Each structure stands twice: as structure tokens, then as C-alpha cells.
Amino acid sequence: MKLKVTLILITSLLLCLAVSGIVLGEPDVEKTTLTITSDPSGADIIINGKEIGKQTPHTLENLQPGQQLELVLKKPPLFKKSVPKKVTIKPGKNDVFVAIPETWYYYMWLYLPTLLKAAGMTLFLTIIAVFNGIIIGTLTGIARVVHNKILNTIAGIYVDFTRGTPLLVQIFMIHFGTPPIIGHLMGTGNPIPINPFVSALLALSINSGAYVAEIIRAGIQSIDIGQMEAARSLGMTYRQAMRFVILPQALKRVIPPLGNEFIAMLKDSSLVSVIGMEELVRRAQVIVTRTYRPTETWIEVGLIFLIMTIPFTRLVAYLERRLKTSD
Amino acid sequence: MIKVVNLHKRFRHLHVLKGISTEIAQGEVVCIIGPSGSGKSTFLRCINLLEKPSEGHIYIENIDVTDHSRINVNEVRAEVGMVFQRFNLFPHLTALENITIAPIKVRGLSAEEAHDRAFKLLDRVGLRHKADAYPEQLSGGQQQRIAIARALAMKPKALLFDEPTSALDPEMIQEVLDVMKDLALEGMTMIVVTHEMGFAREVAKRVLFMDEGHILEEGSPQAIFNNPQNERTKQFLSKIL
Ligand SMILES: Nc1ncnc2c1ncn2[C@@H]1O[C@H](COP(=O)(O)OP(=O)(O)OP(=O)(O)O)[C@@H](O)[C@H]1O
Ligand SMILES: [Mg+2]
Numbered sequence: 464m465k466l467k468v469t470l471i472l473i474t475s476l477l478l479c480l481a482v483s484g485i486v487l488g489e490p491d492v493e494k495t496t497l498t499i500t501s502d503p504s505g506a507d508i509i510i511n512g513k514e515i516g517k518q519t520p521h522t523l524e525n526l527q528p529g530q531q532l533e534l535v536l537k538k539p540p541l542f543k544k545s546v547p548k549k550v551t552i553k554p555g556k557n558d559v560f561v562a563i564p565e566t567w568y569y570y571m572w573l574y575l576p577t578l579l580k581a582a583g584m585t586l587f588l589t590i591i592a593v594f595n596g597i598i599i600g601t602l603t604g605i606a607r608v609v610h611n612k613i614l615n616t617i618a619g620i621y622v623d624f625t626r627g628t629p630l631l632v633q634i635f636m637i638h639f640g641t642p643p644i645i646g647h648l649m650g651t652g653n654p655i656p657i658n659p660f661v662s663a664l665l666a667l668s669i670n671s672g673a674y675v676a677e678i679i680r681a682g683i684q685s686i687d688i689g690q691m692e693a694a695r696s697l698g699m700t701y702r703q704a705m706r707f708v709i710l711p712q713a714l715k716r717v718i719p720p721l722g723n724e725f726i727a728m729l730k731d732s733s734l735v736s737v738i739g740m741e742e743l744v745r746r747a748q749v750i751v752t753r754t755y756r757p758t759e760t761w762i763e764v765g766l767i768f769l770i771m772t773i774p775f776t777r778l779v780a781y782l783e784r785r786l787k788t789s790d
Numbered sequence: 025m026i027k028v029v030n031l032h033k034r035f036r037h038l039h040v041l042k043g044i045s046t047e048i049a050q051g052e053v054v055c056i057i058g059p060s061g062s063g064k065s066t067f068l069r070c071i072n073l074l075e076k077p078s079e080g081h082i083y084i085e086n087i088d089v090t091d092h093s094r095i096n097v098n099e100v101r102a103e104v105g106m107v108f109q110r111f112n113l114f115p116h117l118t119a120l121e122n123i124t125i126a127p128i129k130v131r132g133l134s135a136e137e138a139h140d141r142a143f144k145l146l147d148r149v150g151l152r153h154k155a156d157a158y159p160e161q162l163s164g165g166q167q168q169r170i171a172i173a174r175a176l177a178m179k180p181k182a183l184l185f186d187e188p189t190s191a192l193d194p195e196m197i198q199e200v201l202d203v204m205k206d207l208a209l210e211g212m213t214m215i216v217v218t219h220e221m222g223f224a225r226e227v228a229k230r231v232l233f234m235d236e237g238h239i240l241e242e243g244s245p246q247a248i249f250n251n252p253q254n255e256r257t258k259q260f261l262s263k264i265l
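Respectively, the protein sequence lines represent chains D and A. When you line the first sequence up against this note's numbering, it's residues 464 to 790, in that order. When you line the second sequence up against this note's numbering, it's residues 25 to 265, in that order.
With the rest of the complex left out, here is chain D (with noise of 0.2 Å):
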């Protein structure tokens, strides 16, 4: 009887020796990877030094825990090599993640088509408002010449308020000083705002009006004294010698000043960019904020500066040479 129990529990035993040595004989350990990701992915491998012959993502096995491995990934050919990362192997799972920086050439190269189509708004609202300028200052300039002390004096206060005040006053003075007024004269109390589009072509075209008008008086100025009295002792009256004698010798010699206006406005109209337009300053400080790299976005608005303003420089220079030899 004592034999038989004894039996059993040997058995029993056994039996749990061999069930749990089924389980614990072939032990399930678990596999130790590391799976490498890149952001822009694709990049090359480098582990110690060597590459591996495999791009990202990847994932890595047969690795032992406690390893150590120095982890370079490469982008060719407008990237920049990783930061060489050292990465211990925990057992089981490993992740990485590797940010591979742009070189600044790829960078400005990605930026580029925003900025350049900024770039186009800042030409639009420059060509608006010195067309509006020249509009505005050409009727100005007559009347700071005319005979007339009233239209004189209301074309002089206009030009030298203008020319004196600062451009960037001047927008505010618009975009958040006139909304108060209109608010007032509609009525409502309440201030209206105004779109920073109509702000910015406004603030500009007024601006550029009280230059051009000061380009068209020192043009006609210019004129020799004679021609007008030839033209009246014709029996032209001032108005006949103004249009057909004065004017067109003018107009011809106020082009390279004007074009030195267009210039000077290409430039101020960053200025915009304080109340909120969309133009190439204002597009590049949000990039900015964006990706924290100033220094290229800057580097690249100036260069887009440069590129619409050489043609432009070139251009007044050459006109300038060719009125100089004509006179």
C-alpha cells in the first residue's frame, strides 16, 4: 500500500517533470530586433562604420541585448549625414527614429516655390501701386507747377506729409487708424477692419504717388525756361505748351527716376508684411517659425530681392546712358 502511493506520487512527478520539460525544453525566448526608421526615409545604413547595403526603414534581427551599435543613416546627394547615434540592444523590440537634416542648398531648394510665388505677390503689389503712383503723381507734380496757389499748396501738403512720415506709419496709419473712422461715419460704432490687401495697395500707391510727383515737378523743372516761351510766343496757351512741348521732354527724362522708384518700391513694400500680407517677408517669417532655420530662409528672401531688382538696376543705368548721350 505505502509502495503504491509512492508509485503515484513518483509517477505524478515524472509526468509533471516531463509536461513541464516539453514547455521548458524548447524555452520561447523573444527575438531581440531593432527597426530603424528615417524621416525623410531611404536613407543608407552605416552601422559601425560599415554600410549595410540597406535603406530605411529597416528592421535588423539576431541581435544580442546588451550590444552596442553606432547608427549613421546617409541621404545622397542633397542631404546631410545623420548625427552618429549610439544605440545599446535591450532585448526584445528596439526602435530607432534618425531626423536627417537638408543641407541648406536642399532646404532653400524646398522653400523655393513658396517663396518665389510671394515673391510674385510682392511684384504684383508693387506694380499696382507704382502704376497708381505714377497716376497720382503725374497729376500732383502738374499742380505743384501750375500757376495756381491753391492746387500748389494742396499737392505740396500731400507731398511733404508723404515724403516726411515714415512708410510703416503710414500703413498703420491706414490699415488700423482708418477702420475707427469708417466705423464712425457708417455709423455703426464699431471699428471696420480693413483687408491688409486694400491696406498694403493703398498705403503703397499713396507713397509712391508723393515720389513720382516729386520726380514729374523736378522733370518738367528740368525743361529750359525757353521752351515755354517759345511754345507761348507761338500763341500756345500754357495748357497747349504744357502738353505738346513741356510733358513729352519730361516724361522722357523722368524714366530712369522712375524706374529707381519702382526699385525703391519693390523694397519698401516688405514693409506690409507688418499688418498680416502674404508678400515674401511675411511668407518667410512663418517659415521661419516653422523650421527654426533663419538663416537660409533670410539668405534666400535677399537673393530673391537681388533677382527681381538687377534686372531692373541694369535697365535704369542703361536708359540713363542713352538719355546722357542724346541731350
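Just so you know, these hints were derived from the structure itself, not from any lab. This structure is a prediction, so every number in the text was calculated from the model and none was measured. Note that the Cβ used here is the ideal one computed from N, Cα and C, for glycine as well. Fair warning: there could be bad hints in the mix.
[Claimed, not checked] Footprint (simulated), chain D over chain A, 3 or more residues, beta carbon under 8 Å: (1) 172 to 179; (2) 239 to 251.
[Stated by the list, open to error] Each computed DSBU-like pair below joins lysine-lysine, with the alpha-carbon atoms no more than 35 Å apart: (3) K715(D) with K144(A); (4) K129(A) with K787(D); (5) K179(A) with K715(D); (6) K229(A) with K715(D); (7) K76(A) with K612(D); (8) K129(A) with K181(A); (9) K715(D) with K612(D); (10) K513(D) with K544(D); (11) K144(A) with K42(A); (12) K129(A) with K258(A); (13) K715(D) with K42(A); (14) K612(D) with K258(A); (15) K144(A) with K263(A); (16) K730(D) with K543(D); (17) K513(D) with K556(D); (18) K553(D) with K494(D); (19) K205(A) with K181(A); (20) K42(A) with K612(D); (21) K517(D) with K543(D).
Start from chain D and add chain A with the ligands according to the hints.
What follows is chain A with the ligands alone, placed relative to chain D:
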């Protein structure tokens, strides 16, 4: 034809003309001589109202042109042509356009009429072949001849010349004087400020000597040049002859 009575001109405090009185008959050629600053140009400019007389009267064909309430200044100027020392051609227009612009814009001639008239005048000053030239392409003498044609195109009743040959190189003076001589022969009424004594002797019916805003002496060229009475006239002539 032109009658000037007690003409004064002041520029602020500068009294330039101090009571000029004279009369110029139809077809008469009068030369004005005198030292620099004596008011010769100012006198001419008053006659076609480029300067506003301060006092006195100017009658052109018996119409008082200083009476601004009744006179259109532009119409007066259209009737009295002026030729300037420095030509004052319009540099942006061709010779032809210089001549036609005023007849078209002021007299209302058609382009065709104005062209006909201009080509006749170009023939008269011998510059038909320069019709399409711009002033900068012409010599000084040619420019002055175009300027004369330009003044003539308005068919003026009188022509005023303010030292028309003073800005010219010596070899170009004669061609301009020849044109002026022809005009005189055709009976144009002319007042000429000039230092060309030969021209004055030959063409002028009368010479006025001006000094410090007065007409000090006037008479035939022979009388003035050969036998001046006034001390100032003698002094002046001794300097330039
Ligand atoms: N627009 C003006 N304003 C002020 N003074 C003037 C003006 N025009 C002429 N004068 C002055 O009037 C005076 C006479 O000038 P004007 O030109 O008539 O002399 P002129 O006899 O023609 O001299 P010139 O032989 O040098 O041409 C000069 O003292 C001149 O400075
Ligand atoms: Mg003079």
C-alpha cells in the same frame, strides 16, 4: 503798326524799362543796339507779352494789348513772332513738326495745310532736305533758320529777333542774316536786337540805341553809326566797331 507809349517794366525793385516810347511802321525794320543789361530783351519780350508791362501801353494795329480786360494774350502772341538767341527749337520734334505744331494746335490748320505751308517755308530758308531731322542733328545756323520758319508759319504781323546770331559760330551767321534780309525785302515788319552792324546798316530803316532802360538815341543807320550825337552812344559804338 506797333506803337509803344511810355512803357515801364519793373522786376520787384529793379526798374528795367523807364518809359520807352516809339512807333514802328508796317514793313519797317528796326534794329536795337545797346550795352548788356540795358533792357533790350525785356523790351522785345514786353511787345509780345512774354513779360507783363508794369506801366504804359503797347498798341498793335491800334489795339491796346496791355488792356487785359479786352485782350487774349495768346492771340496777341500768335500775331507777333519771336526768334530767340538760343533758337529754342523743340528737341523732341523734327524740323517739320517744329514748324507745323503751332499752326495745327493754335490756328487749327489741318495737318495737310500745315505741311504745305511748312514746306514752302523750308524752301524759303533752304532746308527742305532737313524736314525730318531733329534739332540736335542740325547746325546752329540751320536751327536758327528752322526757328525763323517756325515763327513765320503763324503768319505773324511782325517778327521780333533777340540777338539771333549771337550764339552762332561766325561761319553760320551769314546764312541766318541772309534769310532775315530776304524777309525784310518782302516787307516783313521786324524788330531786331543785334550787334551785327553790317546787317543794321544794310537792312535797318532805323536804329534805336538803348541804355539803362531808355531809348537814348534813334535815327537812320548812317546817322547813328557815322554821326552819333549822344555821349553814351559814341562810347558804346567805339567799343564794338
Ligand atoms: N525775369 C527777370 N527777373 C528779374 N530781373 C530780370 C528779369 N529779366 C531781366 N532782368 C534784369 O533786367 C535787366 C535787363 O535785362 P535784359 O535781358 O532786358 O537786358 P539786355 O539788354 O537784353 O542785355 P543782354 O545784351 O545781355 O541780352 C538786367 O539787369 C536783368 O538782370
Ligand atoms: Mg538780351
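Each hint, compared with the structure:
1. 172 to 179: holds (count 3)
2. 239 to 251: violated (count 0)
3. K715(D) with K144(A): Holds: K715(D) and K144(A) sit about 32 Å apart, inside 35 Å.
4. K129(A) with K787(D): Roughly 30 Å separates the two Cα atoms, so the pair holds.
5. K179(A) with K715(D): holds, 32 Å
6. K229(A) with K715(D): Status violated; Cα separation ~46 Å.
7. K76(A) with K612(D): holds, 19 Å
8. K129(A) with K181(A): The hint holds at about 19 Å.
9. K715(D) with K612(D): Holds - the C-alpha atoms of K612(D) and K715(D) are around 27 Å apart, at most 35 Å.
10. K513(D) with K544(D): holds, 14 Å
11. K144(A) with K42(A): violated, 41 Å
12. K129(A) with K258(A): Between K129(A) and K258(A) the Cα gap is close to 47 Å, so the pair fails against 35 Å, i.e. violated.
13. K715(D) with K42(A): violated, 43 Å
14. K612(D) with K258(A): Violated - the C-alpha atoms of K258(A) and K612(D) are around 49 Å apart, more than 35 Å.
15. K144(A) with K263(A): Status violated; Cα separation ~41 Å.
16. K730(D) with K543(D): holds, 34 Å
17. K513(D) with K556(D): With Cα atoms ~22 Å apart, K513(D) and K556(D) stay inside 35 Å; holds.
18. K553(D) with K494(D): holds, 11 Å
19. K205(A) with K181(A): holds, 17 Å
20. K42(A) with K612(D): holds, 31 Å
21. K517(D) with K543(D): holds, 18 Å
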